[in-house]
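Participant: Starting from the known structure of chain A, arrange chain B on it as the hints suggest.
Okay, here's what each chain looks like letter by letter:
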Amino acid sequence: MTVQSIRVSDFTRLPGPRYIREGPFSGEQYRTQRLAPAFEAAFRAGQTLEVDLDGMKYGYPASFLEESFGGLCRLWTDPKEAPKLLTPDQVWNQLSIKSNDDPTLVTTVNRYIQEANERKTTGR
Amino acid sequence: MWIGPYVLLLIGLCIGWVARSFWASPAIPASTVFSAAVALFIGWLIQSALRRQGELSKVPIDAVGGLCKRLDELIVDCLKTSPDTKAADPALLTKLRSLANEVTWLCAIAGNLKCEPALANLVKNSHQDLFDAATMGEYFDAATSTAAGHRLRARTLALQWDICQRVLERSNKPKALRRLLETLDPESNGR
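Chains as they are written, first to last, in numbering that gives the first Met the number 0: chain A, 0 to 123; chain B, 0 to 190.
Keep in mind the hints are simulated off the structure, nothing from the lab. None of the values given here were measured: they were computed from a predicted structure.
Below 20 Å or equal to it, Euclidean Cα-Cα: the simulated DMTMM-like pairs (lysine to aspartate or glutamate) are: (1) B:Lys-57 / B:Glu-168; (2) B:Lys-85 / B:Glu-137; (3) A:Lys-83 / A:Glu-39; (4) B:Lys-123 / A:Asp-100; (5) A:Lys-97 / A:Asp-9; (6) A:Lys-56 / B:Asp-88; (7) B:Lys-172 / B:Asp-61; (8) B:Lys-85 / B:Asp-140; (9) A:Lys-56 / A:Asp-100; (10) A:Lys-97 / B:Glu-101; (11) B:Lys-123 / B:Asp-71; (12) A:Lys-97 / A:Asp-53; (13) B:Lys-123 / A:Glu-114; (14) B:Lys-79 / B:Asp-128; (15) B:Lys-57 / B:Asp-161; (16) B:Lys-113 / B:Asp-61; (17) B:Lys-85 / A:Glu-21; (18) A:Lys-56 / B:Glu-101.
Cβ pair distances, simulated, as ranges: (19) B:Asp-184 / A:Lys-97: 19 to 29 Å; (20) B:Ala-48 / A:Gln-89: 54 to 64 Å; (21) B:Glu-186 / A:Pro-23: 34 to 44 Å; (22) B:Val-37 / A:Asn-99: 58 to 68 Å; (23) B:Ile-60 / A:Pro-78: 54 to 64 Å.
Where a beta carbon is used, it is the ideal one built from N, C-alpha and C, also for glycine.
So here's chain A without its partners, still in its complex pose:
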């Protein structure tokens, strides 16, 4: 399977809070402007989306990652909103997470995707 790539560092090197109303460069903003469109494009092209998490100045807050990746999973597992209904496993398999700066983030993102529907709802 071919791969499309995006880098979070192209969006910001200082990831912010969870929601747009809480401050700049939020997880919600990243999801709606970058991650979700790239994910949908990769999905429609039958490709894997590689997300490069490296290059942050300080690191990620959990809220940013949860809102980006957990929010993406909530969107694609919601029967009313999903462009095509997927399971959390299918969302995860569609992604390839690269994180050399902090290798624990790969497991973290996987967990946020698997537990997405047990957590807060998107855009609250």
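Facilitator: Showing chain B alone in chain A's frame:
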């Protein structure tokens, strides 16, 4: 092998012989002097081998001790964060990223020494809990973070204990232990 032990054996034999000939009773048989010197020699060999093994196993144990001390300090530093600190605070994120790297390193050592995988998983899980507690909300959650931090410290101690046990189990095979630890460096090629 270093010639020291043989010199020691020779000196012991000479002293024994002189004592037998000029000072003690010449009635002491030469074989007794020889057996005493050999016993001394073997005793010295055993104690030096044991000491060498002890010193060799101290190297990885000290390294793991230092690593766990750094982990402990980073956890305490994170827990000192004020509750009005935002989750995206650079100082907090820097500490958490350092903590994540130290946890990864500790678990890599534990994996190479064939420690109980459940112990390493508990450390990883409690690290994730601390990361979530500290930065999942808009602000640092001191109460939840403190509980997660205490769990991480306790589990790190348990893993440190297991690593030390694995090192001591291999203390009579220092070369095998060194080979296991060298695989942590992918570029070492077993050198």
